[in-house]
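First to last, the protein sequences are chains A and B.
Counting in my numbering, the first sequence runs from 1 upward without gaps.
Counting in my numbering, the second sequence runs from 1001 upward without gaps.
Just so you know, the hints here were simulated from the structure itself, not pulled from any lab data.
Bear in mind the structure is a predicted one, so any value in this text is a computation, not a measurement.
A couple of the hints might just be wrong.
DSS-like cross-link-like pairs, simulated, lysine-lysine; straight-line CA separation at most 25 Å [to be verified]:
id, chain 1, residue 1, chain 2, residue 2
1, B, Lys1029, A, Lys82
2, B, Lys1134, B, Lys1038
3, A, Lys8, A, Lys56
4, A, Lys56, A, Lys82
5, B, Lys1038, A, Lys82
6, A, Lys8, A, Lys82
Under 10 Å between C-beta atoms, here's a sample of chain A residues computed to sit facing chain B [unchecked claim]:
id, residue
7, Trp44
8, Lys56
9, Leu72
10, Ala73
11, Gly86
Just so it is clear, CB atoms sit at the ideal spot from N, CA and C, and this is done for glycine as well.
Residue strings, one per chain:
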Amino acid sequence: MSAPDPLKLPGLPRDAEGPVFAEPWQAQAFALTVQLHERGAFAWSEWAEALSDQLKAAGPQDDGSRYYEHWLAALEQLVTAKQLAGAGALRDRRHAWEAAYLRTPHGKPVTL
Amino acid sequence: MTHDDSDHHHEHDHEHGQHPPSDMELRVKALEFLLVEKGLVDPAALDAIVDHFEHKVGPRNGARVVARAWFDPAYRARLMEDATAAIAELGYVGGQGEHMMAVENTAGAHNMVVCTLCSCYPWPVLGLPPVWYKSAPYRSRAVIDPRGVLADFGVTLPDEIEVRVWDSTAELRYLVIPERPAGTEALSEDQLAALVTRDGMIGTARL
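All chains should be built: construct the whole structure from the sequences, respecting the hints.
So, in structure tokens, the structure goes:
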């Protein structure tokens, strides 16, 4: 297994020093992917292929601004394909967090 | 200063709930929590990766806001009156529509920002929060012992300078406007922006 080189991923938003993120969740998604790979959850080539499939599905008119949306979709797809987490569990958890925000009073910590 | 609240926002105010994050944020959160629970990822290692890139989100946005405020008194007045709108003037919007408030350091007062509950942070202007900002010691000590925390950052303030600590919430976040350093009268706005540090805008550093 070769060391991951995220910088070689086609279309990755970056500057001279490395990847750049428009919003914090993008960095979280990036970090999750790198760490899952480092801990052996999938080979980097599998990740590159999953991401590439999502980017291809987006079509050539995609201008790159939604790069991390495709990244996240690819990560969800790979995580469920590898049975690291179930698609249903992910969906349930996402809705549970949303509900927790909506019911938690201002200024209070949001917990499930 | 909340006159530009959307109806949507009022609705949530009325329900006493918080505005939920975007679909993307919720999905990443769901993934992260499930994978952490299963022991497949380590939250500390995730933080370390994110921390490595912390300066890569909107690194100079806040510095531009501060430099403009130093450079243009009319902008400064608008910023102090309605920071959300003044920051949006420079094209910096994002997040979940939280409101911004600018707090200005003066000869007699120093401002410092914390989020005691979690890690609310004005990322459209300051980028990703540094790991120490999210740490329990900073969050708990900033309010109880702000001068001690500042000393840990190498900032010693004379007793006559008042320290004001601002506790962020999901709806209201703060940007510290540091004092313009002496001897910078001849500098351009770009040169001024280069002097402004992230920690200066959180209030854990003086310029």
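Structure versus earlier hints - violations, ascending order
7 and 8
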